[in-house]
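**Q** Let the sequences and hints guide you as you build the complete structure.
Which chain is which? The protein sequence lines are A and B, in order. Numbering-wise, UniProt numbering puts 133 at position 133 of the first sequence, and it's gapless, one number per residue. Numbering-wise, UniProt numbering puts 134 at position 134 of the second sequence, and it's gapless, one number per residue.
Hints should not be assumed to be uniformly reliable.
Covered stretches of chain A, going by a simulated chain B footprint (3 or more residues, C-beta under 8 angstroms) [stated by the list, open to error]: (1) 11-24; (2) 51-63; (3) 123-131.
If you only want the chain B side, here are some residues facing chain A, beta carbon under 7 angstroms, derived [as the list claims (entries may be wrong)]: (4) W7; (5) V11; (6) I31; (7) A47; (8) R78; (9) T100; (10) F106.
Keep in mind that the hints were calculated from the coordinates and are not lab data. Note that CB positions come from ideal geometry on N, CA and C, so glycine has one too.
2 protein chains.
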Amino acid sequence: MNPNTDWIAAVTFDADGLIPAIAQDAKSGAILMVAWMNAEALSETVASRRAVYWSRSRKRLWRKGEESGHVQTVSEIRLDCDGDVILLKVEQQGGIACHTGRESCFFRRLDGQANDARWTITDPVLKDPKLIYK
Amino acid sequence: MNPNTDWIAAVTFDADGLIPAIAQDAKSGAILMVAWMNAEALSETVASRRAVYWSRSRKRLWRKGEESGHVQTVSEIRLDCDGDVILLKVEQQGGIACHTGRESCFFRRLDGQANDARWTITDPVLKDPKLIYK
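**A** Here's what the structure looks like:
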């Protein structure tokens, strides 16, 4: 029996064979992070229901949480109209998605008007990264 | 008086001078769409508080809603830890972000297990695109 891979034909990978994937907290709706997937990472995510990305810096599969323990359990996978962005709804183990020890990677907010705008860090560090990555 | 552009120095644009921007409904938390911005689009978004993207197909600024009327009023702008993804919290005029006439571009959900997975359209068309783009 051959696995049905028609579903992956609807996914448009870029020139590097990658597609951005948004991880959204399934309960709160908070956007936790954006990372990249290749076809293998996406297929493994579908099969294992744990988020697997492609690390562009390390050039290898990155099973989210493999070092930190901050695994993402995937409850839903969505695709946008152009087929070139993936959305994962996840349960974030440990409540920390960001390597800085914060819940979300989007911890900076632009404050002020156009002529005096600046980024404000709005979210607390929940765990010291030194304790996350030993 | 020179405008302060230090904030834009924290933004990492890719080799094409672009950064992906996620539009999230500020109230419901629904992810509406992902599009691209160049520095000009981002600056204009900050100044006008209306989402302005860079259309990769048309190779010009795309003031969201310029044809459809489906303007996005921006209440918050966030940046991720690597500085290479923008998150906009928006009020979506008309309740439709997608060119297909749906609320969100992420209207396909992957159902089934790995060996029989398929995309299911889960969201209704709220307005016929023929009536949106005349």
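**Q** All the hints need checking, so say for each whether the structure fits it.
**A** Hint-by-hint comparison with the structure:
1. Closer than 8 angstroms: that is the beta-carbon criterion, and the stretch 11-24 of chain A has 3 residues meeting it against chain B, so the requirement of 3 holds.
2. Under a criterion of three residues with beta carbons nearer than 8 angstroms to beta carbons of chain B, the stated coverage of the stretch 51-63 of chain A fails, only 0 such residues being counted.
3. Only when three residues or more bring their CB closer than 8 angstroms to a CB of chain B does the claim for the stretch 123-131 of chain A stand; here the count is 0, and the claim is violated.
4. Interface restraint check: B:W7 against chain A, minimum CB-CB distance 5 angstroms, threshold 7 angstroms, status holds.
5. Interface hint at B:V11: violated, since its Cβ lies 9 angstroms from the closest Cβ of chain A, which is beyond the 7 angstroms cut-off.
6. Residue-level restraint check for B:I31 holds (minimum Cβ-Cβ distance to chain A is 6 angstroms; threshold 7 angstroms).
7. Nearest Cβ of chain A to the Cβ of B:A47: about 4 angstroms, under the 7 angstroms cut. The hint holds.
8. At a threshold of 7 angstroms, the smallest CB-CB gap from B:R78 to chain A is about 4 angstroms, leaving the interface hint in force.
9. This hint holds: B:T100 has a C-beta 6 angstroms from the nearest C-beta of chain A, less than the 7 angstroms allowed.
10. Checking B:F106 against chain A: minimum C-beta separation of about 4 angstroms stays under 7 angstroms; hint holds.
Against the hints set out earlier in the document, violations occur for numbers 2, 3, 5.
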